[in-house]
Amino acid sequence: MIVQRVVLNSRPGKNGNPVAENFRVEEVNLPDNINEGQVQVRTLYLSVDPYMIGHLMGCSRVVGICGTPEKCLLLTSELGFDAAINYKEGSVAEQLRELCPSGVDVYFDNVGGDISDTVISQMNQNSHIILCGQISQYNKDVPYPPPLPSAVEAIRKERNITRERFLVLNFKDKFESGILQLSQWFKEGKLKIKETMINGLENMGAAFQSMMTGGNIGKQIVCISEETSLLSL
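Residue numbers for the sequence shown follow full-length UniProt numbering, beginning at 1 and rising by one.
No lab work stands behind these hints, which were simulated from the structure alone. From the three backbone atoms N, C-alpha and C, an ideal C-beta is built for every residue, glycine too. The reader is advised that the hints may include incorrect statements.
The calculated label-pair distances, taken between Cβ atoms and stated as ranges, are [what the hints assert, rightly or not]:
id: 1; residue 1: E153; residue 2: V39; range: 44 to 50 Å
id: 2; residue 1: R165; residue 2: I217; range: 25 to 31 Å
id: 3; residue 1: Y87; residue 2: G218; range: 17 to 23 Å
id: 4; residue 1: P147; residue 2: K172; range: 25 to 31 Å
id: 5; residue 1: R61; residue 2: V41; range: 27 to 33 Å
id: 6; residue 1: Q125; residue 2: I193; range: 16 to 22 Å
id: 7; residue 1: I217; residue 2: L167; range: 33 to 39 Å
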């Protein structure tokens, strides 16, 4: 059986941004028969890794940070955010002080870098950072998680701010209950889903590049099965 796979064709280079040419689609032979203990699967979609439950879990005010007016409007008009900050327009620090005059208690950090430093500087005593990702730092030659600047780290320690990595596999014992809860919220219309979908395994590189540069809205997905192409959605 001939199948396709996406492989790394070249590296972006030190501190470089990924481009579609960094990936290559190639064909390989897959044995028709599988051995004992092996499982053959057929992939229909790829999810390219990228809020709403804040209110559902009791937060009194939820503020999002994104990079376009379109995304800001989506957050506040459809996804239940109280407010949104466009980090490309104006001062994030000033907007955050205006929208969160009492400070920040919980910060779900997907970004890192200057934005995270700004948020941490306005966090309250005994507040919490949930470290999910550091996308602004992925193309830099730094360890993960990237160390905070000394001034920001001093604030974190002085205010007793926790900074804990969020790893899904650390919560295997909660998978079943989590799926049940998320399913219930979805059925009740409390959990809304936004996806940016692209057709074709050959476009995996372009989808990854778009995701890394903020081109997607919601989850970036690559549809790789003809049976479930965008034409049939």
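Consistency of the hints with the structure:
1. E153 - V39: 44 to 50 Å: 45 Å, holds
2. R165 - I217: 25 to 31 Å: 26 Å, holds
3. Y87 - G218: 17 to 23 Å: 18 Å, holds
4. P147 - K172: 25 to 31 Å: Hint holds: Cβ distance 29 Å, inside 25 to 31 Å.
5. R61 - V41: 27 to 33 Å: At 43 Å between Cβs, range violated.
6. Q125 - I193: 16 to 22 Å: Given a distance of about 36 Å, which is not inside 16 to 22 Å, the answer is violated.
7. I217 - L167: 33 to 39 Å: 26 Å, violated
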